[in-house]
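Asker: All chains should be modelled from the sequences, with the hints used to inform the complete structure.
Positions in the sequence shown are counted from 1; adding 576 to them yields the numbering used here.
No lab work stands behind these hints, which were simulated from the structure alone. Computed from a predicted structure; not experimentally measured. Glycine included, C-beta positions come from ideal geometry on N, C-alpha and C. Among these hints, one or two may not hold up.
To be verified - Quick list of the computed label-pair ranges, beta carbon to beta carbon: (1) Thr-679 - Asp-707: 16 to 24 Å; (2) Glu-770 - Lys-669: 16 to 24 Å; (3) Pro-656 - Asn-678: 38 to 46 Å; (4) Pro-736 - Glu-770: 23 to 31 Å.
Said to hold, decoys possible - With a cut-off of at most 35 Å between alpha-carbon atoms, the simulated DSBU-like pairs for lysine-lysine come out as follows: (5) Lys-690 - Lys-776; (6) Lys-776 - Lys-669; (7) Lys-718 - Lys-669; (8) Lys-756 - Lys-718; (9) Lys-718 - Lys-737; (10) Lys-690 - Lys-673; (11) Lys-669 - Lys-739; (12) Lys-771 - Lys-718; (13) Lys-673 - Lys-737; (14) Lys-756 - Lys-767; (15) Lys-739 - Lys-673.
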Amino acid sequence: MINKNKAFIVTLLVVVVVVLATYLLNMLAPHEVVNQSSETSEPSETVSASPSPLPTPRPSISKTPLPKASGISLFGEQTPWNLLLADASCELKGEIKFLNHNTYDNQDALFTYKGIDSSGRNIFWTITPQDGLSVGPNIFNKIPLPDGESLLGISLPENPKYKKYELTARIQYGRLVDEKGKFVTAGGNVKVFEKPCLGKTTVVLP
577 MINKNKAFIV TLLVVVVVVL ATYLLNMLAP HEVVNQSSET SEPSETVSAS
627 PSPLPTPRPS ISKTPLPKAS GISLFGEQTP WNLLLADASC ELKGEIKFLN
677 HNTYDNQDAL FTYKGIDSSG RNIFWTITPQ DGLSVGPNIF NKIPLPDGES
727 LLGISLPENP KYKKYELTAR IQYGRLVDEK GKFVTAGGNV KVFEKPCLGK
777 TTVVLP
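Answerer: This is how it looks when you write it as C-alpha cells:
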C-alpha cells in the first residue's frame, strides 16, 4: 500500500514538474514582436507653375505733331503749315453689320482723312434716317494727325425703328491764310473750314 502511494505521489510530481516546465519555457521563450507600420506614401502633388500672363502690347504712340489753331502743337512744336497747303479731305466706306443689339461685324467700314491741323477739330455726322444712333469719333483728339484713319464706333438706340442706316460726315480743319485768301506757311491768320467727306458707311441691323 505504501509503495502504491509513493508511486502515485512520484507520478503526480512528475506531471506537475512537466506542466511547470512547459509553462516556464513558454514564458521565457523570446517573442518576436513585429512592429509593422504600414505607412502608405501618398502621391506627391506636383504643382506646375502656370505661365505668367504676358502684358498685352500697347500700340506705340509716335511723336506726330498735333497742330492746334494757335500754331503750337501739343508737343510744343510749330504747326507744320508747310504740309498743309491744300484742302483737307476725308472718305467713308464699308458696312457695319449688327449681329445683335450690342455686337456688330465691321466689314471694311473705315473713316480716312488727310490734312487735319488740330486735335481740336470736330467731325460732324449725318445719320439717315435719324433714329438716335451714336457715331464716333466726333473729334480728332485721339487719332493720328495730320493724316490717318479710324474705325467707327456705333451705338444703337434702345428700340431702333429701322433695319438700315447710312452715315455721312463732314470735317473741320484749319489753314493759315493771308490777306488774299491763299494758304501760306507764315504771316497769315488761322481760318477754320468745313468739308464733306466722300462716300458713306452703311449700318445694317439683323
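Asker: Holds or violated: the 23 to 31 Å window for the beta-carbon distance between Pro-736 and Glu-770?
Answerer: About 29 Å separates the Cβ atoms of Pro-736 and Glu-770, which means 23 to 31 Å holds.
Asker: Assess, step by step, whether the Cα of Lys-771 is no farther than 35 Å from the Cα of Lys-718, and give holds or violated.
Answerer: Holds. Lys-771 to Lys-718 sits at ~20 Å (cutoff 35 Å).
Asker: Lys-739 and Lys-673 were given as a pair; does the straight-line alpha-carbon distance stay at or below 35 Å?
Answerer: holds, 10 Å
Asker: Does Lys-669 sit within 35 Å of Lys-718, going by the straight-line distance between their CA atoms?
Answerer: holds, 21 Å
Asker: Do the alpha carbons of Lys-718 and Lys-737 lie within 35 Å of each other, as the hint requires?
Answerer: holds, 32 Å
Asker: Does the alpha-carbon distance linking Lys-756 and Lys-718 stay inside the 35 Å limit?
Answerer: Roughly 34 Å separates the two Cα atoms, so the pair holds.
Asker: Please work out if Lys-776 and Lys-669 have their alpha carbons no farther apart than 35 Å.
Answerer: holds, 5 Å
Asker: Tell me if the straight-line CA distance from Lys-669 to Lys-739 falls inside 35 Å.
Answerer: holds, 19 Å
Asker: With 16 to 24 Å as the target window, see if Thr-679 and Asp-707 comply at their CB atoms.
Answerer: holds, 19 Å
Asker: Is Lys-756 close enough to Lys-767, meaning Cα to Cα at most 35 Å?
Answerer: Given pair Lys-756, Lys-767 holds - Cα atoms ~12 Å apart, limit 35 Å.
Asker: Is it true that the CA of Lys-690 sits at most 35 Å from the CA of Lys-673?
Answerer: holds, 27 Å
Asker: Given the proposed pairing of Lys-673 with Lys-737, does the C-alpha separation stay at or below 35 Å?
Answerer: holds, 16 Å
Going down the numbered hints, you'll see the structure goes against none, and every one checks out.
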